[in-house]
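Turn these sequences into a full structure, and let the hints steer you where they fit.
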Amino acid sequence: MGLGYALTERYPIVDGRPQVKYATLGLFRANEAPPIETVLVDSGIPNPQTYGAKGIGELSTIPTAPAVQNAYWRFDGKFRTSLPLEHTAYRP
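In this note's numbering, the protein residues as written are 3 to 94.
Don't read these hints as lab results, they were simulated from the structure. Worth double-checking, as some hints may not be accurate.
Unchecked claim - What follows is a set of in silico ranges between Cβ atoms, one per label pair, in the way DEER data are often shown: (1) Lys-23 x Leu-85: 27 to 35 Å; (2) Val-43 x Asp-17: 39 to 47 Å; (3) Val-43 x Gln-21: 38 to 46 Å; (4) Arg-19 x Glu-39: 34 to 42 Å; (5) Leu-42 x Pro-94: 22 to 30 Å; (6) Asp-44 x Val-22: 18 to 26 Å.
In this text, a Cβ means the ideal position worked out from N, Cα and C, and glycines have one as well.
The structure is reproduced here in structure tokens:
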């Protein structure tokens with residue numbers, strides 16, 4: 003989700019109406035996304051409703067776009083200031 007926001011997803015809105023269809027939004031397909039490693043951490047506190055499970059949800063997407071921009075900046079010296087990032091392999 004964070005990589006798509008940084009690299010491929012463009013969602014223009016004019017007068018409160020989306021200008022693209024969901025299918026053309028630029029979401030990563032499963033075969034285009036990088037491998038994801040899941041780490042399960044036991045909180046040690048019993049919770050019968052969730053069996054101790056906790057989630058961080060979309061919070062982890064906040065630093066993704068700046069981190070990707072910084073990686074490209076270190077790679078080629080171009081400081082990109084708009085999202086999705088331009089002049090990348092995903093948006094030439």
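Checked hints:
About 20 Å separates the C-beta atoms of Lys-23 and Leu-85, a value inconsistent with the hinted range of 27 to 35 Å. For the pair Val-43 and Asp-17, the beta carbons lie near 45 Å from each other, so the given range of 39 to 47 Å is met. With their beta carbons about 41 Å apart, Val-43 and Gln-21 fall inside the hinted range of 38 to 46 Å. Range check, Arg-19 to Glu-39: about 39 Å between beta-carbon atoms, so the 34 to 42 Å window is met.
Distance hint check for Leu-42 and Pro-94: the Cβ-Cβ separation is about 39 Å, which falls outside the suggested range of 22 to 30 Å. Between Asp-44 and Val-22, the C-beta spacing of about 42 Å breaks the proposed range 18 to 26 Å.
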